[in-house]
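Listed in order, the protein sequences are those of chains A and L. Quick note, the numbering used here runs 339 ahead of the 1-based positions in the first sequence. Quick note, the numbering used here runs 339 ahead of the 1-based positions in the second sequence.
Honestly, I wouldn't trust all of these hints.
Copies of the same chain look alike in the list, so a pair counts if it works inside one copy or between any two.
Said to hold, decoys possible - The calculated SDA-like cross-link candidates involving lysine to any residue, where the alpha carbons are at most 20 Å apart (straight line), are:
#1 K347 x K492
#2 K474 x V728
#3 K390 x D450
#4 K474 x K575
#5 K347 x Y427
If you are wondering where the hints come from, they were derived from the structure by calculation, not from laboratory data. Since we're looking at a predicted model, the values are computed, not measured.
There are 2 protein chains.
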Amino acid sequence: MKETVLKKYAKLIIKMGVNLKKGQLLVVNAPVESYPLVDAVVEQGYLAGAKTVLVLWSDIRVTRQSYLNESEEILTSIPEYVKQRYDYITEQSYAVVNISSSNPSALNGIDPNKQTAVMKALQPIIAKYRDNAMKSVNQWTIAAYPNQEWANKVFPNLNNKQAYKALQDAILMTSRMSGNPLANWKEHNNNLLKRSQWLNDLGLQYLHITSSNGTDLKVYLADTHIWIGGQEKTPKGVLFNPNIPTEECFTMPHSLKTSGIVYSTKPLSYQGQLIEDFSLTFKEGVVVKYQARVNEASLKALLDSDEGSKRIGEIALVPYHSPISESKILFYQTLFDENASCHLALGRAYPTNVVNGEKLSQDGLSKLGANASINHVDFMIGASDTKIVGYKKDGSQVNIFINGDWA
Amino acid sequence: MKETVLKKYAKLIIKMGVNLKKGQLLVVNAPVESYPLVDAVVEQGYLAGAKTVLVLWSDIRVTRQSYLNESEEILTSIPEYVKQRYDYITEQSYAVVNISSSNPSALNGIDPNKQTAVMKALQPIIAKYRDNAMKSVNQWTIAAYPNQEWANKVFPNLNNKQAYKALQDAILMTSRMSGNPLANWKEHNNNLLKRSQWLNDLGLQYLHITSSNGTDLKVYLADTHIWIGGQEKTPKGVLFNPNIPTEECFTMPHSLKTSGIVYSTKPLSYQGQLIEDFSLTFKEGVVVKYQARVNEASLKALLDSDEGSKRIGEIALVPYHSPISESKILFYQTLFDENASCHLALGRAYPTNVVNGEKLSQDGLSKLGANASINHVDFMIGASDTKIVGYKKDGSQVNIFINGDWA
Numbered sequence: 340m341k342e343t344v345l346k347k348y349a350k351l352i353i354k355m356g357v358n359l360k361k362g363q364l365l366v367v368n369a370p371v372e373s374y375p376l377v378d379a380v381v382e383q384g385y386l387a388g389a390k391t392v393l394v395l396w397s398d399i400r401v402t403r404q405s406y407l408n409e410s411e412e413i414l415t416s417i418p419e420y421v422k423q424r425y426d427y428i429t430e431q432s433y434a435v436v437n438i439s440s441s442n443p444s445a446l447n448g449i450d451p452n453k454q455t456a457v458m459k460a461l462q463p464i465i466a467k468y469r470d471n472a473m474k475s476v477n478q479w480t481i482a483a484y485p486n487q488e489w490a491n492k493v494f495p496n497l498n499n500k501q502a503y504k505a506l507q508d509a510i511l512m513t514s515r516m517s518g519n520p521l522a523n524w525k526e527h528n529n530n531l532l533k534r535s536q537w538l539n540d541l542g543l544q545y546l547h548i549t550s551s552n553g554t555d556l557k558v559y560l561a562d563t564h565i566w567i568g569g570q571e572k573t574p575k576g577v578l579f580n581p582n583i584p585t586e587e588c589f590t591m592p593h594s595l596k597t598s599g600i601v602y603s604t605k606p607l608s609y610q611g612q613l614i615e616d617f618s619l620t621f622k623e624g625v626v627v628k629y630q631a632r633v634n635e636a637s638l639k640a641l642l643d644s645d646e647g648s649k650r651i652g653e654i655a656l657v658p659y660h661s662p663i664s665e666s667k668i669l670f671y672q673t674l675f676d677e678n679a680s681c682h683l684a685l686g687r688a689y690p691t692n693v694v695n696g697e698k699l700s701q702d703g704l705s706k707l708g709a710n711a712s713i714n715h716v717d718f719m720i721g722a723s724d725t726k727i728v729g730y731k732k733d734g735s736q737v738n739i740f741i742n743g744d745w746a
Numbered sequence: 340m341k342e343t344v345l346k347k348y349a350k351l352i353i354k355m356g357v358n359l360k361k362g363q364l365l366v367v368n369a370p371v372e373s374y375p376l377v378d379a380v381v382e383q384g385y386l387a388g389a390k391t392v393l394v395l396w397s398d399i400r401v402t403r404q405s406y407l408n409e410s411e412e413i414l415t416s417i418p419e420y421v422k423q424r425y426d427y428i429t430e431q432s433y434a435v436v437n438i439s440s441s442n443p444s445a446l447n448g449i450d451p452n453k454q455t456a457v458m459k460a461l462q463p464i465i466a467k468y469r470d471n472a473m474k475s476v477n478q479w480t481i482a483a484y485p486n487q488e489w490a491n492k493v494f495p496n497l498n499n500k501q502a503y504k505a506l507q508d509a510i511l512m513t514s515r516m517s518g519n520p521l522a523n524w525k526e527h528n529n530n531l532l533k534r535s536q537w538l539n540d541l542g543l544q545y546l547h548i549t550s551s552n553g554t555d556l557k558v559y560l561a562d563t564h565i566w567i568g569g570q571e572k573t574p575k576g577v578l579f580n581p582n583i584p585t586e587e588c589f590t591m592p593h594s595l596k597t598s599g600i601v602y603s604t605k606p607l608s609y610q611g612q613l614i615e616d617f618s619l620t621f622k623e624g625v626v627v628k629y630q631a632r633v634n635e636a637s638l639k640a641l642l643d644s645d646e647g648s649k650r651i652g653e654i655a656l657v658p659y660h661s662p663i664s665e666s667k668i669l670f671y672q673t674l675f676d677e678n679a680s681c682h683l684a685l686g687r688a689y690p691t692n693v694v695n696g697e698k699l700s701q702d703g704l705s706k707l708g709a710n711a712s713i714n715h716v717d718f719m720i721g722a723s724d725t726k727i728v729g730y731k732k733d734g735s736q737v738n739i740f741i742n743g744d745w746a
């Protein structure tokens with residue numbers, strides 16, 4: 340990326356993504372390859388008044404080596420300093436920038452049960468940090484940066500240089516980086532807000548989702564559920580954009596009531612491994628049957644992680660003709676693919692998706708239908724002919740989606 | 340670097356550099372740009388039986404931003420987890436690979452006093468980790484990896500691609516990577532060992548160093564001093580090579596006895612800033628006068644860090660016609676430039692340079708003449724006509740260097 344583009348992109352991330360406030364700690368989670376963007380983000384962070392900056396670097400190839408060579412016992416022995424580092428972060432006012440730039444199948448072939456074991460070992464350590472994100476206690480965002488392996492996966496017919504450039508262009512286009520990005524995002528956020536308000540005003544009880552691929556699913560919504568699109572707000576009233584790009588309006592399903600069958604419409608990159616062409620059958624909210632054409636073992640590991648991983652915690656509506664979808668690019672990365680398709684998430688619900696949710700205990704949330712889990716994994720279900728009918732409490736119907744798009 | 344070269348280089352680093360033993364923790368300190376080498380080193384580390392691997396990434400541009408934007412108070416407030424991380428390392432059997440790949444003037448213009456303050460704040464935190472390295476308690480090594488800014492500094496007349504390639508070739512050449520690197524290093528280590536034994540057998544009391552640039556310095560050696568070249572040995576008898584490349588035979592000067600004047604013969608990159616064309620005048624071991632044509636402020640900050648920074652802790656002999664020197668390349672990086680030139684180090688002495696030094700307390704070491712300091716900064720003094728005469732205790736003389744080379 341050219342320096343001028345990096346600067347503009349970093350400014351979007353700092354101003355619109357996390358909306359960093361003077362005196363905050365800026366945390367950046369980033370793969371090492373993305374250092375040019377990280378450097379720009381750090382510079383913009385200080386310009387916005389960051390008190391200090393903590394970059395937590397990662398390298399998926401090192402992670403792969405550790406999984407290949409270390410026993411589960413060693414992998415799950417997380418050193419004490421890791422917890423202290425999260426405590427250091429959560430004890431102060433902070434904002435988190437996540438740079439997403441990974442090879443979607445970098446961990447193919449790794450034992451998914453090992454991965455789940457590590458995730459579980461990390462759980463108590465990152466609990467507060469993760470809670471804060473799920474409850475929008477602090478600002479956070481995810482934005483992407485190209486890398487060669489990912490580019491080659493997305494554009495297998497182009498040479499290295501062309502593929503990298505094509506992925507970069509796709510990231511910038513879908514992130515609404517042309518012209519004046521901040522103005523683009525203000526307008527975009529307004530549109531998503533209007534859409535969410537329309538959904539909230541409907542007061543829906545459940546959604547009936549069907550498409551010609553066989554999907555036939557009834558998703559009941561949580562009591563007092565709220566549809567959210569675009570910006571979110573911290574308890575202190577700071578607006579931020581958790582996803583760059585974003586096209587979704589999402590809310591909380593009731594964890595005990597989903598029923599029917601749903602077919603995936605895009606591959607799912609879960610913990611660095613691709614799961615393809617799968618279906619899930621729900622009864623009273625829980626997955627009672629599943630199958631996957633590719634990598635069923637990873638799907639099984641995901642569903643078996645804990646009780647909540649077999650239930651859904653999010654339903655998101657994205658028109659089949661969104662800019663990302665129209666690019667016709669399969670990104671193999673949830674940040675993009677979820678914004679090109681209606682999707683559900685297995686696992687934990689966002690407390691912000693019910694009234695006063697961030698103030699409720701897990702018990703209080705559960706009573707409204709909120710799912711609890713160590714996971715929150717989006718998977719794509721939107722097709723070109725997806726039909727969604729909303730049912731209100733009085734039994735009346737309203738068309739929400741027709742032929743994959745807003746009715 | 341091509342993958343085959345990376346693998347060969349990583350193997351040299353793991354086998355000859357740290358000589359990693361089964362069950363050890365492998366710590367890798369590395370700038371983010373060097374990730375291709377880090378990935379190869381981690382792979383070789385696991386092949387050699389690493390129990391686990393900890394990569395501590397750094398990014399000098401982020402460091403620069405933090406110095407530019409943060410107050411000294413914030414910069415010196417080191418979070419508790421940093422200490423815990425060093426404790427985690429030093430509590431187990433470990434080996435450290437340092438990848439050196441920085442822009443030699445990346446921190447130009449930063450207040451050197453701020454840098455010293457940070458170094459002092461870090462001191463108690465890294466004390467044990469640093470002690471272990473200085474005493475060869477664990478294996479450690481430094482090896483280099485090219486980066487664009489560094490390459491452009493070293494080869495200002497080449498374009499980006501040519502400069503990078505030229506720096507890469509120079510690193511590989513001086514690291515004796517052609518043919519069979521492990522065999523090359525075995526032979527090289529033997530040669531350095533013979534040279535050191537010859538020096539040890541001489542039983543010198545002091546060295547008189549002169550050259551036509553004005554240098555006229557008497558360096559008394561510490562009691563029971565030992566010359567070391569090439570490999571070092573941990574208390575458990577594990578041989579390792581702390582520097583790739585290395586050309587030096589070095590020992591401990593007596594901290595209270597150096598006298599005369601010495602002129603630098605190469606620029607010194609200290610904390611990311613270049614100090615050029617400087618001289619130091621010593622009396623009874625301490626610097627009583629100094630000047631620098633470029634960046635005297637950094638030199639002053641270095642000397643003022645603590646009492647020991649005004650005294651020397653190492654003297655190293657390197658022939659003016661070493662392979663690195665003959666490459667005629669000025670690397671602007673101590674790992675290379677120190678191995679192209681005789682040098683001294685301001686600051687702490689290596690306990691391994693006196694008999695049983697690693698078992699002595701600081702008091703015991705001081706009695707022999709060992710300097711103590713938070714610093715250990717090599718600077719280059721070798722010239723084409725450097726003459727070094729050794730004086731034995733019986734007053735007899737022996738020529739050590741004539742015209743910059745071994746006599």
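Going through the hints against the structure:
1. K347 x K492: neither (27 Å within a copy, 28 Å between copies)
2. K474 x V728: Intra 29 Å, inter 73 Å, cutoff 20 Å: neither.
3. K390 x D450: Intra 41 Å, inter 19 Å, cutoff 20 Å: inter-copy only.
4. K474 x K575: within (12 Å within a copy, 52 Å between copies)
5. K347 x Y427: neither (30 Å within a copy, 40 Å between copies)
Violation of the numbered hints given earlier is confined to hints 1, 2, 5; the remaining hints are satisfied by the structure.
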